[in-house]
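Visitor: So the chains spell out like this:
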Amino acid sequence: MTAADIPISGARRDVVSRICGYTGFRVEAAAQQLIKANAVVAVIFLAWGGLMGLLVALTRWPAVHLLPADWFYLLLTGHGANVLLFWIIFFEVAVLYFASAVILSSRLAAPRIAWLAFVLMVLGAITANVAVLQGNSSVMFTSYPPMEAAPHFYLGLILFAVGALLALGVFFATLVIAREERTYQGSIPLVTFGALTAAIIAVFTLASGAIILVPTFLWSLGLIPYIDPLMYKVVWWGMGHSSQQVNVAAHVSVWYLIAALTVGAKPLSEKVSRTAFFLYILFLQLASAHHLLAEPGLSSAWKIVNASYLMYLAVLASMIHGLTVPGAIEAAQRRNGFTKGVFEWLRKAPWGNPAFSGMFLSLVLFGFIGGISGVVLGTEQLNVLMHNTLYAPGHFHGTVVAGTTLAFMAITYYVLPLIFQRDIIWPKLAKYQPYIFGIGAAGISLFMMGAGTLGVPRRHWDITFADANLGFEIAPGAFLMMALNGLSAILAAIGGLLYIAITVGTVLFGKRLDREAVPLTFPLHSAAKVVGQYGSYNTVKLPGTITLVAVFFIAFLLYYFINWKYLSEVWLFR
Amino acid sequence: MTIASPEKRVWWNEPIERVELIWIAIAFLWGLFMFFFMVAWHFFGGQNLSNETYRVTPGEYEQKVYDFAGQYQVGEEAGVPVVQPPVGGDAYMLARLWEWWPILQLREGESYRIHLSSADWQHGFSLLPTNINIQVHPGYEHVITVTPTEAGEYGIVCNEYCGIGHHQMLGRIIVLASEGGAQP
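Protein chains in written order, with our numbering: chain A, 1 to 574; chain B, 1 to 184.
A couple of the hints might just be wrong.
Here are the simulated SDA-like pairs of lysine to any residue, each with C-alpha atoms no more than 20 Å apart in a straight line [unchecked claim]:
hint, chain 1, residue 1, chain 2, residue 2
1, A, Lys271, B, Thr130
2, A, Lys565, B, Thr130
3, A, Lys511, A, Lys565
Which residues of chain B face chain A? A partial, calculated answer using Cβ under 7 Å [what the hints assert, rightly or not]:
hint, residue
4, Arg9
5, Glu17
6, Met34
7, Ala40
8, Ala69
9, Gln71
10, Ala78
11, Tyr140
12, Gly155
13, Asn159
14, Tyr161
Hints in this document: simulated from the structure, not taken from any laboratory.
Here a beta-carbon is modelled for each residue, glycine too, at the ideal position from N, C-alpha and C.
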């Protein structure tokens with residue numbers, strides 16, 4: 001690595017940067033420090049929130065039933081906030097800084113504001129954690145009124161959101177600077193475009209959060225007399241669900257990024273991939289309605305239009321990426337010489353590289369588990385079969401754990417050598433890590449969904465109902481599902497622990513790469529350094545991708561209609 | 001490269017590969033189908049959640065439920081009244097920390113207007129094992145016309161977290177067989 005100081009002309013401050021010996025990107029020191037700080041804190045919250053998740057799963061395993069009820073509800077609240085908000089958003093801030101400053105070889109706008117954002121986010125996250133651990137804020141991550149948490153629970157979330165909003169401002173300003181200082185030619189790269197999509201949705205998301213959490217905070221202080229519970233849900237889910245769409249846009253960008261770094265992938269068509277991202281911006285926000293389909297007081301027309309993202313146009317976008325990401329990989333692999341048959345490109349893909357295997361698992365699990373179940377769960381009438389059962393957490397563990405978290409773990413195997421400038425230690429363990437975590441996460445999702453279809457309620461300490469006045473015996477299959485869920489959670493926890501051990505170990509003890517550009521343990525594709533010269537449309541056929549997509553579509557259709565059949569068999573209601 | 005700027009400055013004029021176009025068309029049509037299937041189910045499906053809702057204060061609603069239970073009570077189980085509403089008539093169910101009150105006794109194949117609301121926090125009406133799940137809010141009285149299709153004893157579990165006693169919150173609906181009035 002040439003760690004020489006390279007001043008950039010016209011900059012208003014002294015900019016220190018280096019040229020990455022592996023990718024050719026110009027990496028600014030301030031951006032590098034901020035990416036490191038956000039990524040490290042993200043991993044700490046993943047460890048903390050993941051531990052809580054394991055304890056929750058072990059409590060829900062009826063034969064183990066680890067924790068008492070008050071601790072169970074407390075830790076479940078903490079689990080949601082720590083992994084769904086803090087881990088993912090800290091990591092996303094790192095991804096945004098990477099996708100702007102590093103990929104565009106630009107300096108980061110206003111590093112001091114970026115540090116202020118970081119401090120606010122850390123303070124907010126700690127405040128919320130303190131509130132939860134004090135025990136009087138076990139209101140779940142969703143904190144539906146009239147149930148009330150301690151004021152500093154809401155305050156912590158507000159501080160965190162303000163910090164995240166500042167970080168978004170830094171990202172947008174960096175794009176402006178890069179354009180003004182002409183650090184790139186033409187349009188921004190697809191990965192940056194995807195990150196921009198995520199950031200635009202995030203503004204809407206955080207604004208919704210502020211609109212509802214600020215009055216709720218004032219209500220908890222006694223300054224506002226009443227928060228309407230239905231209104232709260234409409235606005236709160238403008239944050240709660242839309243933030244998951246931020247994750248989708250971010251992890252799809254990460255898929256494209258890893259595809260480029262590992263096999264030299266190039267989008268099949270810039271127009272299609274970019275339009276798909278643009279559809280997210282237009283329609284994803286409507287999904288607040290997914291949480292309101294079993295609610296009184298809203299019309300069916302409102303529910304149908306919103307829950308379907310106006311005729312499934314955002315689902316269309318994800319289905320497009322479902323073709324274009326593996327399609328781009330297949331096209332690249334065929335150019336790399338793996339042209340035999342339908343699947344040689346996939347069989348001989350770099351499965352031993354955890355960045356690639358994690359990315360591909362994330363793609364498949366997100367599509368098959370999180371995606372299909374999400375559409376079914378978000379169908380107005382079908383929702384009544386599953387609303388608030390364990391099916392709902394099953395679905396979103398398929399999207400957020402098997403999808404987003406696994407994708408972020410995968411990109412970490414490049415963040416470590418390229419940003420932390422340390423080579424991965426324990427490469428053999430690293431090879432297996434995505435598989436262990438991915439299989440565990442898939443199991444968690446599927447078994448929770450199975451339990452939900454048998455009626456197991458979510459956020460529930462005891463499905464034997466031992467202390468209830470009127471008893472009920474839930475289907476015996478539910479107990480098997482909960483046990484399998486517990487086992488899957490242990491597997492995922494082992495995968496998570498390996499990830500944390502490898503990450504921390506590498507940051508502290510990995511071989512330093514900032515002296516000279518020695519070969520990486522998990523190499524980059526040679527095309528990653530240069531701009532690919534080949535056009536990809538019309539140059540290759542993609543039989544493997546077509547087969548994969550056909551299998552996906554048939555699974556989608558079958559599962560969709562099976563659920564309508566289930567619905568037609570229950571009591572009549574209108 | 002996805003990490004480099006598009007080769008062609010004017011990328012929006014690039015032709016789209018056929019396989020992409022076909023898949024976009026299929027996915028778009030499938031989306032339209034799913035959308036209109038939801039609409040269509042309102043015309044030919046037997047399971048559509050009612051949107052009939054009234055504003056009510058928790059106190060007013062509690063009083064309605066007490067009046068209803070007093071008028072039609074036919075028995076008692078574990079200290080909870082068993083109430084049999086008239087066929088085709090209104091039936092009231094109260095959600096509160098931590099019970100569903102009272103127990104309803106319905107008749108298979110007959111319709112009832114079931115009213116749902118909460119006296120305190122949000123609750124989740126989860127009728128098992130048939131697995132019908134409806135959110136219950138304080139301040140909103142939701143009226144759903146229900147026709148039980150099979151006799152038996154059904155449990156109502158709360159599936160919206162409502163505090164430390166959430167897992168103790170259960171209720172019951174008894175559905176009598178359609179002929180002769182024999183106990184199931």
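Visitor: Could you run down the list of hints and mark each one as holding or not?
Guide: For each hint, the structure was consulted:
1. A:Lys271 <-> B:Thr130: At roughly 47 Å apart (the allowed maximum being 20 Å), Thr130 of chain B and Lys271 of chain A break the hint.
2. A:Lys565 <-> B:Thr130: Given that 20 Å is the threshold and the Cα spacing comes to 13 Å, the pair holds.
3. A:Lys511 <-> A:Lys565: violated, 58 Å
4. Arg9: holds, 5 Å
5. Glu17: holds, 5 Å
6. Met34: holds, 6 Å
7. Ala40: violated, 10 Å
8. Ala69: violated, 15 Å
9. Gln71: violated, 22 Å
10. Ala78: Since chain A brings a Cβ to about 5 Å from Ala78 of chain B, closer than 7 Å, the hint holds.
11. Tyr140: holds, 5 Å
12. Gly155: This hint holds: Gly155 of chain B lies near chain A, its Cβ roughly 3 Å from the closest one there, short of 7 Å.
13. Asn159: OK, holds: Asn159 of chain B within 7 Å of chain A, min 3 Å.
14. Tyr161: holds, 4 Å
In terms of the numbered hints stated before, the structure departs from hints 1, 3, 7, 8 and 9, listed from lowest to highest.
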